Amino acid sequence: MKRRTLIAGSGAVALAAAACTPTQRTSSTSSGRVAGGSTATVMWNQPFYAYNNATSTNNATANANIVYLCNDSVTYYDHDLKIAVNKSFGTYEKVSDSPLTIKVTLADTAVWSDGVPVTAGDILLSFAAQSGSWNTAEKAATDNDGNIVANPEGVVYFDSSSNVLSLITEFPKVEGKVFTYTFSKPYADWEKNILGPGVPAHILAKRALGITDPTKGVEAVVEAFRTKDNAKLAKMANVWNLDWNYVEMPSDLDLVVGCGPYVISEFKKGQYLTVSRNSNYKGQHAVKIDNITIRYNEDPQAAVQALQNREVQLINPQATADILKAVSAIQGVTVLSDPEGTYEHIDLTFNNGGPFDPKTYGGDAEKARKVRQAFLHTVPRGKIVERIIAPLSGGRNLMRNSYETVPGSPMYDAIVAANGVQSTYGNGGDTEKAKALLAEAGVTSPTVRIIYALGNTRRTQEFQLIKESAEAAGFQVVDAASKDWGKKLGDGSYDAALFGWQSTGTAVTSGEANYRVAEGDKAKGSNNKGGYDNVAINRLYDQLLMEVDEAKQQALLIQIEQLLVQDAFGLPIFQFPGITASADTLKGVSKIAISPTIFWNFWEWSL
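Position one of the sequence shown corresponds to residue 86 (this note's numbering), numbered consecutively onward.
Calculated directly from the structure, the hints in this document are not laboratory data. These numbers come from a predicted model, not from an experiment. A few of these clues could be false.
[Unchecked claim] Cross-link-like lysine-lysine pairs, in silico, PhoX-like; alpha carbons within 25 Å at most:
1. Lys676 with Lys167
2. Lys353 with Lys572
3. Lys224 with Lys188
4. Lys301 with Lys188
5. Lys672 with Lys410
6. Lys520 with Lys468
7. Lys291 with Lys313
8. Lys444 with Lys573
9. Lys313 with Lys262
10. Lys568 with Lys353
11. Lys317 with Lys301
12. Lys188 with Lys167
13. Lys172 with Lys277
14. Lys262 with Lys277
15. Lys444 with Lys568
16. Lys520 with Lys452
17. Lys258 with Lys172
18. Lys179 with Lys637
19. Lys313 with Lys188
20. Lys572 with Lys614
21. Lys444 with Lys468
22. Lys313 with Lys258
23. Lys614 with Lys573
24. Lys277 with Lys568
25. Lys172 with Lys373
26. Lys224 with Lys518
27. Lys354 with Lys552
28. Lys354 with Lys572
29. Lys277 with Lys188
30. Lys568 with Lys552
31. Lys572 with Lys552
32. Lys353 with Lys452
From just these sequences and the hints, can you work out the full model?
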């Protein structure tokens, strides 16, 4: 299960809350959308920018929310974070334990919004593209700014964000609406990663291969993967990587085709996006509200003002003490304040010629490690939690001391007792320890560039506290905040990154993409943006992927976290406090700790 980058405040356009009102019209198109009727309005902090959120560059919460509204799946998480089965879309069963074989059967009611049935060919596209197994290049082609561009003719590279599908080495059985796949080894989290469709295969075939007949198009997609036809796969990869990237309403409505209750009907760049009832939807998650409009504004105060003015009915702004006070004062509003599934952390860069890179010291890995340790000792985790987070937590201590597990989860206490995060760094801000480590390393006044979301109030406050502490220990700290920080991750222009990871599930292998070393053309390590390289981590994840015994899973996670502490990879800081506020006119709103948080039960909303 992948972990998603929470991009709070980056790329958003700050607008007055009522700057642009979506037009209401009644229409039905070949994409299946029906606009008009009742509308609920939500405010979010970052605009949607890609419909295919399975790529490594598009794996962001802002995209995932819209994809969730517009696409059904076989399984989803219920309010208690248990796996729920959407039988109106499909079912699954374990056919065999040895080898581990899973069969997914799509329901007759699983239909794309343009009326084309969802088939096993759609699942095959999603699996094959994300597995990395068909790639002939080790990385995507990029322009001078690091943006992914089309690969040269005949070069296959699907820019995947997945990190588990390489365990499926045999070509799956694709039979109508039945998709059967076999793992080459036991897999701990198979039930939390049931395969399903992503973008529609018949639309990809039309755009990449010029095949307009949906049935023939899906067959051609499946055959291209089956025969490893690199000429066709290269075209398919370019379409899969790029065509579903858009920041305003696309002229080709094929690009909004989905298989869920809603379809994108309007999209004004940087301002709002509206999803409308899908006229072809036959599933069990039929909606009670005709339209949901998501307005975009990175300013949490603007969100509160919009809710007070009833320009929006639901907000989930970044939590601060002032925001909680302001929203609690609004009449006719229900406020939920609970920890979320996102945690704040700081990651260091190992491969950019900066202060934490062994190459800076002639390849002296131990010297670089001491400098990393020194810097991490200066991070004032306790002060950050006390000053910024405690006023929002209702007296709960939201400091996080595990890289892999969420506070309150079954393994958390045992892992924290053994991993070394708390025992090594405690509350942080230990400038004397940092000075001693720099002296041992023989390094004077190293410069650390810290990247974070420009304009993000909480992160600005965190940065200032870190800067003050680190400079007291002898570091020179540079503010490298950027509105495009999410796109810059991994480009080497910074030395430390301050941001959040949002959990998309409860899989024990969820951290693999963050900490292991990327190998060859596999998607493993896709979120390891700082060049961290410890092959022992890879081996431990290989074991964890196959381990079904919970006690042994816990032991492996402890070993992984001990290595992260030993190598001074970075530090977890705190679990996010959450504020959700909804007008009493919008009924049925609740929240879960993991993505898609406030949207998880949108089909239960009513006005």
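Next item on the list: Hints the structure violates: just list their numbers, smallest first.
Entry: 3, 15, 21, 24, 26, 27 and 32
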